[in-house]
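Colleague: Take these sequences, add in the hints, and give me the full structure.
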Amino acid sequence: QVQLVESGGGLVQPGGSQRLSCTASGAIFRVLGMAWYRQAPRNPRELVAIISTGGTTTYADSVKGRFTISRDNAKNTVYLQMNSLKPEDTAVYYCNGQAPSGRNYWGQGTQVTVSS
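Position 33 (the sequence shown) corresponds to 33 in this note's numbering; numbering is contiguous.
If you're looking for bench data, these hints aren't it; they were derived computationally from the structure.
Mixed in with the good hints, there may be bad ones.
[As the list claims (entries may be wrong)] Calculated pairs, SDA-like style, for lysine to any residue (alpha carbon to alpha carbon, straight line, at most 20 angstroms):
#1 LYS86 with THR68
#2 LYS86 with GLY15
#3 LYS75 with SER25
#4 LYS86 with GLN111
#5 LYS75 with GLY26
#6 LYS64 with ARG45
#7 LYS75 with TRP106
#8 LYS64 with SER21
#9 LYS86 with ARG19
#10 LYS75 with GLN98
#11 LYS86 with GLN13
#12 LYS64 with GLN81
#13 LYS75 with SER52
#14 LYS86 with PRO44
#15 LYS86 with GLY8
#16 LYS75 with GLY55
#17 LYS86 with ASP61
#18 LYS75 with ILE28
#19 LYS64 with GLU46
Modeller: Laid out in structure tokens, this is it:
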């Protein structure tokens, strides 16, 4: 059973930075395509960033130039570095892992609140 555990959320001021981490267990991490999603109140869950097994990254337009996704296969961990945070980035952030079979795995989510 694959488990994904996020950490690093919290309260941050506008313009500040935050780094989220997601550590996987129960799977060969390097074969998982990894992604971060987020869901704000009353909004659908949206894709934030993807990193492939080969390290190719893709970002939502709303976070391009501000967020960076990376992975450390030796630590079974994917990161989301968030800079220049805005109040509209406030959401629950979810880690996602996709196996070669297409099966998806989700973390429990971590709250990020951007507010002064």
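Colleague: All hints, please: hold or fail.
Modeller: Checked hints:
no. : hint              : in the structure
1   : LYS86 with THR68  : holds, 15 angstroms
2   : LYS86 with GLY15  : holds, 6 angstroms
3   : LYS75 with SER25  : holds, 10 angstroms
4   : LYS86 with GLN111 : holds, 14 angstroms
5   : LYS75 with GLY26  : holds, 13 angstroms
6   : LYS64 with ARG45  : holds, 18 angstroms
7   : LYS75 with TRP106 : holds, 18 angstroms
8   : LYS64 with SER21  : holds, 19 angstroms
9   : LYS86 with ARG19  : holds, 14 angstroms
10  : LYS75 with GLN98  : holds, 17 angstroms
11  : LYS86 with GLN13  : holds, 8 angstroms
12  : LYS64 with GLN81  : holds, 12 angstroms
13  : LYS75 with SER52  : holds, 16 angstroms
14  : LYS86 with PRO44  : holds, 19 angstroms
15  : LYS86 with GLY8   : holds, 17 angstroms
16  : LYS75 with GLY55  : holds, 15 angstroms
17  : LYS86 with ASP61  : holds, 14 angstroms
18  : LYS75 with ILE28  : holds, 11 angstroms
19  : LYS64 with GLU46  : holds, 14 angstroms
Hint compliance for this structure: every hint is met.
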